[in-house]
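Chemist: Protein chains in written order, with our numbering: chain Z, 1 to 642; chain S, 643 to 770.
Do not rely on the hints blindly, as some may be mistaken.
Beta-carbon label-pair distances, calculated as ranges [said to hold, decoys possible]:
id : chain 1 : residue 1 : chain 2 : residue 2 : range
1  : Z       : 544       : S       : 675       : 22 to 30 angstroms
2  : S       : 686       : Z       : 490       : 50 to 58 angstroms
3  : S       : 757       : Z       : 512       : 34 to 42 angstroms
4  : Z       : 327       : S       : 735       : 36 to 44 angstroms
5  : Z       : 490       : S       : 675       : 47 to 55 angstroms
These aren't lab readings, by the way, just hints derived from the structure by calculation. Glycine included, C-beta positions come from ideal geometry on N, C-alpha and C.
As a plain string of letters, each chain reads:
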Amino acid sequence: MTDSLEARSYAPIESSIPVGAVPLETIMCTEELHRRPSRPPGHEEENRALVKLVSALADSPSTIFQTLAETILHITQCDSAGLSLLTTDGQTPDVCGKRFYWPAIAGMWNTHVGGGTPRNFGPCGDVLDQNRTLLFKHFERRYPYLLPVVPAAEECLLVPFYVAGKAVGTIWAIMHSDRHKFDVEDDRVMGSLGKFASSAYQALASIDELRFQIGEREKAEAAVHKLADGLEVQVRVRTRELERSTAELLATNKELEKEIAKRRRAEDRFRRSEALLAEAQRLSATGSFSWRVATDEITWSEQLYRIYELEIGVQVTLELIRTRVHPEDLSLLEKMVEQARTGMTDFEWQYRLLMPDRSIKYMHTVAHATRDLDGQLEYIAAVQDVTARRMSEEALAKSRSDLAKVARVMSLGVLTASIAHEVNQPLSGIITNAGTCLRMLDANPPNLEGARETARRTIRDGNRASDVITRLRALFSTEEFTLELLDLNEATREVIALSLSDLERNRVVLQSKLAEDLPTITADRIQLQQVILNLLRNASDAMVDVDDRPRRLLIRTEREDGDRVRVSVRDVGVGVDPQNVNKLLDAFYTTKSDGMGIGLSVSRSIIERHHGRLWAEPNDGPGATFSFSIPSSQERVTDTAL
Amino acid sequence: MMGERSLVSVVDDDESVRESLPDLLRQFGFAVEAFSSAEAFLASDIVSETGCLLLDIAMPGMSGPDLQQELTRRRQKIPIVFITAHGDSTARPRLLARGAVACLFKPFSEADLLDAVGAALLSRTLGP
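All chains should be modelled from the sequences, with the hints used to inform the complete structure.
Modeler: Spelled out as structure tokens, the structure:
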């Protein structure tokens with residue numbers, strides 16, 4: 001097919017005007033149309049053709065352009081007829097709006113289907129530029145790339161057509177000999193067919209669009225059927241109109257087509273938004289309804305039927321709704337209905353459904369009062385199935401309380417073990433001493449001095465047990481975890497002030513380095529001070545046996561990365577064995593004969609409750625450093641508080 | 643009479659135990675030595691003379707079970723009675739399995755103490 005090679009190659013897209021090409025005027029003879037003798041208007045034939053085209057569009061939209069080309073061929077009695085479409089997508093050919101291509105050709109040029117012309121250098125382009133019907137004579141004289149397209153065109157009548165006011169293509173009729181010359185009647189009929197081309201073009205475009213949606217195709221074709229029906233009606237109307245006046249007909253026709261297009265667009269939009277809405281309702285488990293209060297006319301969305309587990313389309317009545325609403329919520333329903341009837345108020349209510357299988361659904365309805373077109377009160381409402389959310393909320397609440405219980409039990413377990421240890425030590429002493437005392441008194445002769453000594457020890461151990469209880473009580477007097485904004489330095493200074501006399505008695509030299517850039521923190525002041533106090537006592541106790549060097553104690557506060565603060569207490573005492581560091585903080589472990597073994601473990605649990613960390617590390621020199629670090633804000637602390 | 647080996651050694655970091663327990667045991671006629679740590683006991687010259695060891699479990703430094711292992715390693719077969727202030731009975735089977743004679747939970751009665759010490763001394767006498 002060398003004849004249309006150039007036309008099909010699509011390159012160069014921007015053909016430059018070849019040297020020696022004749023000017024446009026030389027190939028145009030449009031004005032001749034009006035000077036030529038003309039046939040009488042063939043309205044009947046035109047109408048038959050249009051009706052046929054319309055049913056063809058409905059039956060076989062994919063071949064409608066070919067049918068149109070054949071209609072042109074038939075009605076104008078020409079030799080070749082076809083369409084040129086301005087490219088609209090990146091596919092055929094590959095540059096949008098820069099070429100015309102020929103989707104359908106009837107007659108002698110039939111073999112050139114698929115060919116085309118450049119937008120800016122060709123007869124179709126000229127038609128769009130001048131925005132009117134043009135008649136060409138041997139246009140290959142100006143556009144040499146048409147030379148191979150044989151047989152040559154003696155005359156070519158080109159009519160533009162439009163979509164939404166924008167030219168998208170042309171229809172054309174060609175005579176390859178001078179046996180027949182186009183006249184005004186051809187011009188008129190072509191104009192009419194051009195309008196059909198526009199409709200067909202839009203129909204195809206919307207079909208193409210609809211093809212993207214699976215399952216939508218049938219609907220699209222139904223829409224086209226509908227359009228065809230509409231067109232048929234309009235064609236009938238037009239027949240009558242035509243008889244009155246051609247001008248009037250053209251105007252009406254334009255109007256009608258506009259209306260058809262508008263209606264189809266509206267239908268399309270409606271179908272689309274309906275589909276979207278249904279999908280949105282399904283996804284969000286939200287149904288909707290409207291309720292005309294005066295007539296009790298209730299309309300449900302499909303999703304609402306699904307939620308209520310009723311067959312879609314069943315007529316909805318208040319009685320039907322009552323059969324689904326949970327018996328305990330029925331009185332609430334009546335109240336809502338009554339209230340809704342009395343006046344225009346938006347309302348919102350939550351209720352339950354009791355399904356036939358005894359399962360319960362939780363509903364949340366938001367209704368908006370409005371007036372319908374007749375001014376009657378109507379409610380438009382959204383109903384959401386919040387069952388899943390309710391379930392997860394309940395599950396969350398339950399797991400939260402389980403967690404709190406576990407945390408409480410665990411803390412109590414640790415606490416109980418610690419208390420048992422602290423109390424059992426002196427109790428053991430009391431029992432042993434009392435036993436010894438009795439033995440000494442029972443001896444012959446009685447060992448009164450020994451008995452006195454053991455009795456004294458008994459009293460001492462009794463006091464010791466009592467002390468333990470007192471200290472425990474003090475430690476846990478603040479059962480509630482009370483968060484407050486506090487200045488950590490100030491809290492630390494208070495503890496230092498409280499401990500000073502103790503420290504001095506133990507000949508401890510205290511030095512403090514409190515950072516000036518500390519953020520205000522959120523914490524339980526009493527508990528945090530308890531921890532600091534424990535660390536100071538711990539450090540002081542660790543240095544009791546230090547006599548060969550000053551008993552230095554350094555307490556410091558620091559700001560840490562990640563919005564945290566750190567308090568560390570450094571001593572020069574016996575130090576910690578790195579292996580025992582973890583044991584040290586364990587509630588079951590104590591290194592001190594008279595200390596509260598519980599101190600460090602409770603301190604650790606307090607710090608952990610503040611989402612922080614308590615640790616000990618040996619110093620480079622003598623002694624150890626105990627530190628804790630906590631985040632400066634404690635939004636979530638209350639969740640795990642005792 | 644329990645023979646010449648009736649020396650009871652008490653190892654506990656708790657001073658009140660070191661004060662009270664030896665006095666009571668002496669009332670029953672035992673010779674008693676008290677030590678504040680496992681290390682101090684091992685360093686003493688009475689390890690081989692000890693007929694019964696009353697041993698605290700949780701101590702700073704070498705713990706009671708650590709000392710038990712060390713004595714086994716040294717082939718010193720001293721009957722051990724553990725004493726602990728923790729009411730955690732889960733440790734008892736493990737300690738007994740390693741050869742301890744008894745495990746007393748503070749506070750314990752005189753009778754329990756005498757039973758345990760008696761059993762320990764007896765096992766020493768009857769032992770291989």
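Chemist: Under the constraints set out in the numbered hints, which ones does this structure not fulfil?
Modeler: Failing hints, ascending: 3 and 4.
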